[in-house]
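**Student:** So the protein lines, in turn, are chains Y and B. Residues in the first sequence are numbered from 13 upward in steps of one, following the working numbering. Residues in the second sequence are numbered from 13 upward in steps of one, following the working numbering.
For the record, the hints were derived by calculation from the structure and aren't laboratory data. Source: prediction; values computed, not measured. Incorrect hints may have been included.
Identical chains share a label here; the pair holds if one copy fits it or two copies do between them.
Unchecked claim - Taking lysine to aspartate or glutamate and the EDC-like style, the derived pairs with C-alpha atoms no more than 16 Å apart in a straight line are:
| id | residue 1 | residue 2 |
| --- | --- | --- |
| 1 | K351 | D155 |
| 2 | K323 | E346 |
| 3 | K172 | E272 |
| 4 | K293 | D205 |
| 5 | K158 | D277 |
There are 2 protein chains.
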Amino acid sequence: MWYETALTKTLNIKLPIIQAPMAGGATTPELVGSVSNCGGLGSLGAGYMDAEAMRNSIHKIRELTNNPFAVNLFIPEPVDIQERKVRTMTETLQSFYDELGIEQPPLPDVYGPQFEQQMEVIIEEKIPVFSFTFGTLENKWIDRLKANRTKMIGTATTVKEAKQLEGLNVDAIVAQGSEAGGHRGAFAGSAEDSMIGTMALVPQIVDTVQIPVIAAGGIMEGRGLLASLSLGAGAVQMGTAFLPTIESGAHPLYKSALIEATEEDTIITTMFSGKAARGLKNEFIGRLKSVAVDEVPDYPVQNALTQPLRKEAAKQGRAEWMSMWAGQGLRLTEVVGAKQVMDRIMDEANSALRRLQN
Amino acid sequence: MWYETALTKTLNIKLPIIQAPMAGGATTPELVGSVSNCGGLGSLGAGYMDAEAMRNSIHKIRELTNNPFAVNLFIPEPVDIQERKVRTMTETLQSFYDELGIEQPPLPDVYGPQFEQQMEVIIEEKIPVFSFTFGTLENKWIDRLKANRTKMIGTATTVKEAKQLEGLNVDAIVAQGSEAGGHRGAFAGSAEDSMIGTMALVPQIVDTVQIPVIAAGGIMEGRGLLASLSLGAGAVQMGTAFLPTIESGAHPLYKSALIEATEEDTIITTMFSGKAARGLKNEFIGRLKSVAVDEVPDYPVQNALTQPLRKEAAKQGRAEWMSMWAGQGLRLTEVVGAKQVMDRIMDEANSALRRLQN
């Protein structure tokens with residue numbers, strides 16, 4: 013069948029559809045399990061999870077499905093606490109904390125979960141597929157993952173990054189186009205220089221590397237799947253399409269905002285995390301617009317500064333201060349189950365192929 | 013055949029490939045004629061041409077082909093001469109003029125050719141297809157074009173713009189994705205908000221309008237053509253792919269620069285014309301990087317200020333100060349004839365379709 017590719021064979025999945033690993037709670041075990049049960053590859057976005065939470069989620073996923081699934085981690089970057097920027101940003105953010113009626117906590121001693129501990133879970137659990145973002149992977153991990161027969165997927169935003177990843181002997185590369193929601197995966201160049209649209213990026217990476225390429229960015233349904241395979245991709249990775257599903261852990265207000273949004277409603281911002289990411293425009297981004305980009309502390313410091321604020325805003329139902337990542341493929345119409353999303357993708361792709369064959 | 017669409021029938025062309033109308037000299041009658049002779053739709057970018065030059069080019073095209081072709085014009089915008097910005101920019105540009113050894117001319121009394129006169133040529137010559145960019149078209153012209161059976165194509169960068177164009181009763185809409193080279197066609201919103209990738213934009217426009225949609229932006233070869241038709245487009249419009257052809261009027265240094273460039277080498281800039289456009293990064297853009305975007309005079313004033321400089325730079329072979337528009341689909345390999353480009357597109361698209369059918 014047209015949807016069987018070298019990559020679906022490698023990953024041992026039926027359909028060339030990867031549900032994107034979205035850190036921040038959207039990728040519940042229920043969502044991951046549901047997508048994998050449909051024959052796609054569900055992915056747990058574990059970037060912000062500690063070892064115990066990861067282990068629990070992986071166990072739950074395994075209760076829900078016998079099919080392959082992926083876990084995704086962020087490759088850590090050196091933390092640079094830029095004192096002056098932090099001071100200014102802390103002052104800027106104080107008004108939000110005041111309005112929420114909570115204290116602004118001091119910066120943590122440790123930024124997020126420790127990568128080494130997260131990786132030990134990946135190894136111990138012998139997970140089927142490991143995907144990673146924001147960089148390359150050290151050889152020691154690659155050797156241990158290969159010994160486990162865990163398939164590896166890296167993330168590239170340019171041909172240069174794709175070549176670097178291929179050099180690590182990963183099994184596939186996500187080509188993240190500029191339409192994609194959430195954090196930009198750029199690691200070898202600036203995020204700005206790496207904003208290449210999916211239509212342009214995928215064939216250029218396909219022509220350069222020998223391993224399978226996964227198209228990501230702006231792909232929302234079956235037509236996008238067929239288009240991506242036409243471009244030479246072996247699968248697609250879709251995030252936004254799965255955010256407003258019943259199984260998704262996204263906040264109800266976030267799901268509603270996605271359903272309301274159009275293609276003009278997203279923006280690339282560094283204000284939430286210190287790293288460029290695409291999300292729905294809201295009041296938080298608007299109020300910080302006067303802050304110069306080079307005055308924002310780097311990731312993960314800015315992320316730590318705004319995280320308690322966003323968490324409390326979510327609790328209080330204030331979508332205007334939440335980070336609501338989204339890609340440019342919008343105009344979604346309703347919250348449905350993940351199986352329905354998967355079924356529709358395949359129906360639409362089959363129709364699109366029939367149209368081409370007529 | 014898969015490449016026959018409602019749009020190819022409407023335009024009376026054999027292949028769903030439109031060579032983009034690139035103003036500035038690239039779209040010679042030879043290029044337009046060659047593409048149309050191959051069964052595609054060659055387009056003359058006449059935005060900067062006066063009535064006489066248009067008429068001469070159209071006559072030449074007609075000598076070269078009996079097949080349909082298009083002529084494209086820019087919809088004029090009110091000219092706003094912002095005295096203070098013009099003064100500052102004139103000072104900034106003086107160093108370039110000094111280095112070139114020519115006088116910086118004063119601003120012209122009239123900005124470019126007059127639209128009414130250009131349109132009279134379009135009407136008189138009863139051209140087969142008229143395409144337009146930067147806005148909508150007045151009813152008086154639409155009525156006269158319809159009376160001539162001239163097919164009309166508008167350009168949209170968002171769903172909102174596509175709806176406006178459909179309301180004019182045009183025959184098709186170019187969906188210009190963010191990958192596209194040259195000027196952004198945005199007219200109902202800011203250029204910044206209208207940077208939607210082709211993969212995301214095309215299906216959203218297809219789902220909203222009833223008329224055929226033409227995919228543009230980052231499409232370089234047959235895989236992109238097949239992908240665009242998968243997304244629901246009735247044809248593609250390709251510019252960058254035709255710039256380094258033998259028939260193209262692009263400067264030899266511009267052609268070489270395109271052959272050398274990668275997907276990371278383009279940038280959106282307003283520095284050449286006052287309107288956002290995607291082109292190859294070069295020293296001119298770099299030197300003006302310190303100028304704030306809102307200090308640049310609007311189009312067409314900035315265009316008039318830099319045009320003599322760019323013309324002289326081209327004459328002196330200084331590619332670093334030329335405007336070299338390009339999309340993100342790069343990594344081209346050689347200068348070949350337009351027929352070879354067309355043949356390759358169809359060969360690749362047929363191969364890609366066979367791969368899907370296996």
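**Student:** A separate judgement is required for each hint: does it hold in the structure or not?
**Tutor:** For each hint, the structure was consulted:
Taking the closest pair of Cα atoms, K351 and D155 never come within 16 Å of each other, the shortest separation being 35 Å inside a single copy and 50 Å across copies. Proximity of K323 to E346 under the C-alpha cut-off of 16 Å is found in neither arrangement, the shortest distances being 25 Å within a copy and 54 Å between copies. In the homo-oligomer, the alpha carbons of K172 and E272 lie at most 16 Å apart only across protomers (15 Å), although the nearest pairing inside one protomer, at 37 Å, exceeds that limit. Only between protomers do K293 and D205 lie at most 16 Å apart by alpha-carbon distance; the minimum there is 11 Å, versus 22 Å within a single protomer.
With identical chains, the CA atoms of K158 and D277 are never at most 16 Å apart, being 42 Å at best within one copy and 36 Å at best between copies.
Hints 1, 2 and 5 from the earlier list are contradicted by this structure; the remaining hints agree with it.
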